[in-house]
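Quick note, the sequences are listed as chains A and B, same order. Just so we're aligned, residue 1 is where the first sequence starts under this note's numbering, counting upward by one. Just so we're aligned, residue 1 is where the second sequence starts under this note's numbering, counting upward by one.
Don't read these hints as lab results, they were simulated from the structure. Among the hints, a few may not be true.
To be verified - Partial list, derived from the structure: chain B residues whose beta carbon lies under 8 Å from chain A:
(1) E12
(2) D20
(3) A21
(4) A28
(5) A50
(6) Y67
(7) I70
(8) E74
(9) D120
(10) L126
(11) G127
(12) H133
Note that the structure is predicted; figures quoted are calculated from it, not measured. Virtual Cβ for every residue (Gly too), placed ideally from N, Cα, C.
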Amino acid sequence: MPSALAETLAVLLLLATLGCAIVRPRGLPEAVVAVPAAALLLVLGVLPLSQAGTELRSLAPTVGFLAAVLVLASLCDRYGLFEAAGSWMAAGSRGRPVSLLAFVFAAASVVTAVLSLDATVVLLTPVVFATVARLHLRAKPHVYACTHLANSASLLFPVSNLTNLLAFGASGLSFARFGATMALPWLAAIGVEWLVLRRFFASDLVGHGEAKAVKPLPVPVFAATVVGLTLIGFFVTSAFNVSPAYAALGGALVLAAPAVAQKRMSTLELARAIDVPFLAFVLALGLVVEAISVHGLGSVVTHLVPGGAGLGSLLLIALVAAVLANAINNLPAALLLLPAVSGAGAGPVLAVLIGVNTGPNLTYVGSLATLLWRRVLIRRGEELPIGEFLRLGAITVPPVLLATTVALWISLRLVG
Amino acid sequence: MTAMHVVVWVVEGTWQGCVDAAMRNFPADSQFTLLYVTPSDVTEAADAAALSLFGRGFPARKPDRRYEDIADDEASGLLAAAAHRLGRPDAEQLSRRGRVEQEVVRAVAGSVDVLVVARDGDRSRLGPKSLGHATRFIVDHAPCAVMLVWPDETPGIDSIPPPKHGPKPPHPPVRRW
Numbered sequence: 001m002p003s004a005l006a007e008t009l010a011v012l013l014l015l016a017t018l019g020c021a022i023v024r025p026r027g028l029p030e031a032v033v034a035v036p037a038a039a040l041l042l043v044l045g046v047l048p049l050s051q052a053g054t055e056l057r058s059l060a061p062t063v064g065f066l067a068a069v070l071v072l073a074s075l076c077d078r079y080g081l082f083e084a085a086g087s088w089m090a091a092g093s094r095g096r097p098v099s100l101l102a103f104v105f106a107a108a109s110v111v112t113a114v115l116s117l118d119a120t121v122v123l124l125t126p127v128v129f130a131t132v133a134r135l136h137l138r139a140k141p142h143v144y145a146c147t148h149l150a151n152s153a154s155l156l157f158p159v160s161n162l163t164n165l166l167a168f169g170a171s172g173l174s175f176a177r178f179g180a181t182m183a184l185p186w187l188a189a190i191g192v193e194w195l196v197l198r199r200f201f202a203s204d205l206v207g208h209g210e211a212k213a214v215k216p217l218p219v220p221v222f223a224a225t226v227v228g229l230t231l232i233g234f235f236v237t238s239a240f241n242v243s244p245a246y247a248a249l250g251g252a253l254v255l256a257a258p259a260v261a262q263k264r265m266s267t268l269e270l271a272r273a274i275d276v277p278f279l280a281f282v283l284a285l286g287l288v289v290e291a292i293s294v295h296g297l298g299s300v301v302t303h304l305v306p307g308g309a310g311l312g313s314l315l316l317i318a319l320v321a322a323v324l325a326n327a328i329n330n331l332p333a334a335l336l337l338l339p340a341v342s343g344a345g346a347g348p349v350l351a352v353l354i355g356v357n358t359g360p361n362l363t364y365v366g367s368l369a370t371l372l373w374r375r376v377l378i379r380r381g382e383e384l385p386i387g388e389f390l391r392l393g394a395i396t397v398p399p400v401l402l403a404t405t406v407a408l409w410i411s412l413r414l415v416g
Numbered sequence: 001m002t003a004m005h006v007v008v009w010v011v012e013g014t015w016q017g018c019v020d021a022a023m024r025n026f027p028a029d030s031q032f033t034l035l036y037v038t039p040s041d042v043t044e045a046a047d048a049a050a051l052s053l054f055g056r057g058f059p060a061r062k063p064d065r066r067y068e069d070i071a072d073d074e075a076s077g078l079l080a081a082a083a084h085r086l087g088r089p090d091a092e093q094l095s096r097r098g099r100v101e102q103e104v105v106r107a108v109a110g111s112v113d114v115l116v117v118a119r120d121g122d123r124s125r126l127g128p129k130s131l132g133h134a135t136r137f138i139v140d141h142a143p144c145a146v147m148l149v150w151p152d153e154t155p156g157i158d159s160i161p162p163p164k165h166g167p168k169p170p171h172p173p174v175r176r177w
């Protein structure tokens, strides 16, 4: 097949894959289009089998790691870790909205860093919403803080974001090195978000909540300890050149066994928490993007992003990544950009992460396509009041991008 | 004073001040309506964030935490608390959902005499922008009288900023012609 035709076909299949993932016709899993699309590219020879094998081998540990973290987060929820966190935030804030926002910032940043952004969006945000409601405070600043930090506070560890896991494999950094280099950018992102949100929502952070309405729940010591040990395990395994995925797997198993025995979670629910269709989607998406890369677009991307680790290059890389993440969603953006910069060392790889992780706050649902589809869905009923969220994105993303990239540049000089 | 139809806009953080002002300022035989509007953008944003995860919906999740259910509980809880504070458990309770400022204006479009609203702006910086966005919109568009109350204590007279350059008349003369 001529290269141009192959490239066109691969791009069309990528668009179909992403389209299905966004629209989810009849609620079908996104793998329904992604897997056949990847298979078609293999059958037609657009993606050579050997190349597909290499790509799958490099993605498999990442996907396994992701599965273990998803299960770990689900189990933490079943042990009541998030409920307890909500009650402690309410009690600790004594009903003062600004103080509650500070607790929400701390919780969302730590949960995102340790248990991934999925845990913050799916497990922590509902708890925060319910906590704020029980205190009779306004939900907006706290809920928006969760959705923003799920993206911008996902810079710290390889486990914090699927994009980080992808980069972790490409960067050649150890878990500890990754964390040490990203600590400063992570803090910079949280700091800028705090300054902007505190100011932006000043008129909603008013009054005094009814703190007596919420009693602090006992901390689920077992689950909290296992999560803490798992985090230490990430560092230890990585130091001995063992994949930190094993630490995540260990933590998940230690929590799962008693959970199933005590009927906190059935085996079926546990199997569902692994989310096999999603894992298949990630693998298939990886193959489709690889097919695009080998047919020339890869070299275009390589030319588009600079290779150096100077401040100017890092800023440009982060900007390109942020724009791409908003155009086609952060996961395909990371898959497309990471191979292009992985030869240039840790700096450019981590700059890509800054772009694809913090950039999506601009369009609030991670990509323009998702946003447009949302509008179509909503048009049937009420208007989607996104103006305020878009405004918030427009004033947070540029300073966050700038501050985190400068922090990365400093960090690379101190740590790297 | 004759009996009136008074709508009290109940919002987290400032509703107590509005209810108290309604009790103090209007005859006991007035018709009181307590209004709460659930902001639809908050639940939207939370749902959309989950949507952007490419369907990683944590299928094992309990279904009892839908954002709209939590929001409905909040609305009815707050309205009941307001009715209790007003000493009128039978007062009409109106719960709506949507763009807050627009829904409040629509709710008072009928035969309403007064809408009681708390200032919800940033009280630390009194000035042209000290009214919150929603309150500003309501003051501008409400088709009835609007009673604007401080949620807690009123500012002292010393909140007027001192003159910048030496003594000056408090107001520049107004040109008329």
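Of the hints given before, which are not true for this structure?
Hints 2, 3, 4, 10 and 11 are the ones this structure does not satisfy, whereas the remaining hints hold.
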